[in-house]
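Construct the entire structure; sequences and hints are all you get.
So the protein sequences, as listed, match chains S and W. Numbering follows the numbering used here, with no gaps: position 187 of the first sequence is 408. Numbering follows the numbering used here, with no gaps: position 12 of the second sequence is 233.
No lab work stands behind these hints: they were computed from the structure. In this text, a Cβ means the ideal position worked out from N, Cα and C, and glycines have one as well. Check each hint, because a few of them may be wrong.
[To be verified] To list a few chain S residues with every Cβ distance to chain W over 12 Å, as calculated:
| # | residue |
| --- | --- |
| 1 | S257 |
| 2 | P285 |
| 3 | R291 |
| 4 | P425 |
| 5 | R477 |
| 6 | E516 |
| 7 | H519 |
| 8 | V564 |
| 9 | P566 |
[Claimed, not checked] As a list, the in silico EDC-like pairs of lysine to aspartate or glutamate whose alpha-carbon atoms are at most 20 Å apart:
| # | chain 1 | residue 1 | chain 2 | residue 2 |
| --- | --- | --- | --- | --- |
| 10 | S | K296 | W | E238 |
| 11 | S | K279 | W | E352 |
| 12 | S | K502 | W | E497 |
| 13 | S | K502 | W | E524 |
| 14 | W | K502 | S | E497 |
| 15 | W | K296 | S | E238 |
| 16 | W | K279 | S | E352 |
| 17 | S | K243 | W | E352 |
| 18 | W | K279 | S | D345 |
| 19 | W | K243 | S | E352 |
| 20 | S | K279 | S | D327 |
| 21 | W | K502 | S | D327 |
| 22 | S | K279 | W | D345 |
[To be verified] A few chain S residues that face chain W, going by a derived Cβ cut-off under 7 Å, partial list only:
| # | residue |
| --- | --- |
| 23 | G289 |
| 24 | L292 |
| 25 | T322 |
| 26 | H331 |
| 27 | L332 |
| 28 | I333 |
| 29 | P336 |
| 30 | L490 |
| 31 | A494 |
| 32 | L517 |
| 33 | L520 |
Number of protein chains: 2
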Amino acid sequence: MDRRVTKKGDDGTSGKERPTLKTLAFMTGLGVTTVSRALKDAPEIGAETRRRVQLVAKQIGYRPNRAGVRLRTGKTNVISLVLNTEHELMSFVSDIIYGVTEVIADTPYHLIVTPYSRSQDPLDPVRYLVETGSADGVIISRTQPSDPRARYMLERGIPFATHGRTDMGLVHPYHDFDNYAFAGEAVRYLAGRGRNRLALVTPPVGLTYHGHTVAGFADALSEVGASEVPFNTVSIDQSIEQIRMRTAQLMRRKDRPDGFVSSAAAATLAIVAGIEDAGLKLGRDVDVVSKQSSELLHLFRRELLVVNENFRLAGSELARAVLGWIGGADPGTLQSLSTPSEVLPYRG
Amino acid sequence: MDRRVTKKGDDGTSGKERPTLKTLAFMTGLGVTTVSRALKDAPEIGAETRRRVQLVAKQIGYRPNRAGVRLRTGKTNVISLVLNTEHELMSFVSDIIYGVTEVIADTPYHLIVTPYSRSQDPLDPVRYLVETGSADGVIISRTQPSDPRARYMLERGIPFATHGRTDMGLVHPYHDFDNYAFAGEAVRYLAGRGRNRLALVTPPVGLTYHGHTVAGFADALSEVGASEVPFNTVSIDQSIEQIRMRTAQLMRRKDRPDGFVSSAAAATLAIVAGIEDAGLKLGRDVDVVSKQSSELLHLFRRELLVVNENFRLAGSELARAVLGWIGGADPGTLQSLSTPSEVLPYRG
DNA sequence: TTGGCAATCTGTAACGTTTCAGTATATTGA
DNA sequence: TCAATATACTGAAACGTTACAGATTGCCAA
Chain S
222 MDRRVTKKGD DGTSGKERPT LKTLAFMTGL GVTTVSRALK DAPEIGAETR
272 RRVQLVAKQI GYRPNRAGVR LRTGKTNVIS LVLNTEHELM SFVSDIIYGV
322 TEVIADTPYH LIVTPYSRSQ DPLDPVRYLV ETGSADGVII SRTQPSDPRA
372 RYMLERGIPF ATHGRTDMGL VHPYHDFDNY AFAGEAVRYL AGRGRNRLAL
422 VTPPVGLTYH GHTVAGFADA LSEVGASEVP FNTVSIDQSI EQIRMRTAQL
472 MRRKDRPDGF VSSAAAATLA IVAGIEDAGL KLGRDVDVVS KQSSELLHLF
522 RRELLVVNEN FRLAGSELAR AVLGWIGGAD PGTLQSLSTP SEVLPYRG
Chain W
222 MDRRVTKKGD DGTSGKERPT LKTLAFMTGL GVTTVSRALK DAPEIGAETR
272 RRVQLVAKQI GYRPNRAGVR LRTGKTNVIS LVLNTEHELM SFVSDIIYGV
322 TEVIADTPYH LIVTPYSRSQ DPLDPVRYLV ETGSADGVII SRTQPSDPRA
372 RYMLERGIPF ATHGRTDMGL VHPYHDFDNY AFAGEAVRYL AGRGRNRLAL
422 VTPPVGLTYH GHTVAGFADA LSEVGASEVP FNTVSIDQSI EQIRMRTAQL
472 MRRKDRPDGF VSSAAAATLA IVAGIEDAGL KLGRDVDVVS KQSSELLHLF
522 RRELLVVNEN FRLAGSELAR AVLGWIGGAD PGTLQSLSTP SEVLPYRG
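Right, here's the structure in full:
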């Protein structure tokens, strides 16, 4: 009986409102259902109708409302990158982000950054994402051999990719840098320069690539007949000052190493500072092979020997992997390993 | 007449589904409307009912469905950080991100990263965000004196904050580092060390802080009676190689500078390399004052003079500003300027 | 007793989308 | 010719939330 002032049938053609399916339906004279299906190339729509709808949609700049889709289908069109906001000094984080955005640029996906801090359980942010259904896919880093986050997401069936491998006998997408090869190459290169008492600056204990690095280092040591100078008190996620001090201590001992293999550029800066604190000279008394993610170590000390790790590539690969899994691909086919470059001495 | 198999009134208490308002309504015996209002402390709900609903909600871990809220209210609970994915070599980006996430951690907001590349109009991503209503607030960087993005968002009434100021006579939230003061301090410090032929490594031309830096530099020069050695062919967003080469060229001339003021750490690495390419020695032939965002320049060359810029703080301030504006605060009160530290010589 | 009013609570509609179950029309097979 | 079937389209319902317009109850003044 009583008609409301704002009645349902307003066709959305007035004013500057964003066009919706209803707008398109009105303009084409079709029903919303037909429009919806025409836009996603459903087979039961006539070819001409389809073209017509798509043309009009393009003309008026129709974009599906994300909230509508998400509410109806559960699809969020969101990828989440889960980051620890306290580790990783010289942050490769931006490179990963750029790599990811590069890949999702021409998809409907958005990238959200989900942080967690040292004090939290790394599982927390992942649990949050899954429980609230906030993302269609997740990228995690700081991967562990037996990673509770990977296990959790596998159980819930949510697509993800890990930066670094796991070792749980479970298959999932990952991208990893071949740290075993890196450490091996580094040792062989140092041995080739006559260095035979080598110390390793390891990745954080507990992460998978710590194991890979240590193994590559050890295997190559015995291969070339060099020996290890234990340096277990140091790993790359310690502070610059800590590493520097410990390095200086080490280098003042008479059984000091004549070569270092360092897993991160930031740590390398500290190692070099420690070496020089002890009055020794890089390239003469000791050589250092280091990974780096941007071209700055050669500027730092020309004597440094570097191997490049491309984090932008890692970001792209991880994004591709997650999207692939979401798209229904076999997770086992979405794994990639990046081979280290050769050891690069200073050129020019 | 005919009852559907799946009928409306299923109360959502079966199985592992995420609880909704309907679930809460069923459990408390109230209507969904009442529950909804009870959760947001609406005044027309009885005190006891309110407590009861909130208790149950907490117990079963109710979280409002973002898509539902967003569809109904238009509120996205999203902040977007708009980034250029090609500039800024030594990326402070991660610090900004961490700063932002720190602030939004205990809010319902998510952070999405919206990239754009050199080839695109910087206005594109902003237009996209506004047109699709993808965010409640936006943070932009690489701010220009007359910034089309700021103007655009002001016109549309969407809350935003800029990293760096504008100069259009329009008021909006910003956070900026006082680059005028930085350049001035740097010049005065160099003058204090007897340097009087100074070169400036400027921020990218066109950005607001280029002007601030140049002005601070020029004003301090005349204040201390030093002179400028023009170095306009270089700015900090050029490649390492470019800067290095140009610096070496400059330093081989007889009218070379005896002091540099550098606006970014990455550029400083190149400057120093160029200086040394020309056979000169830092600290003896020339001094360099540089901004840095992490503590690495002192490791690089102990003779470097540094001023710290805290990008994590910038991220936090920007997030606070946007949230404040969204929350209804006066944009004019959401502006902050970060004062540079003193020039720090090498210690220890 | 009655009317008015405040205090609480509730049903319905709507946001934009997709899916389900149809409907109408044309086409085919016998 | 008629029924069966394919083709092309459509309305209604539902996802979870909030806003609007009531509805119910109890209490008090007249």
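_Violated hints, by number in ascending order, as checked against the structure_ = 2, 3, 6, 7, 21
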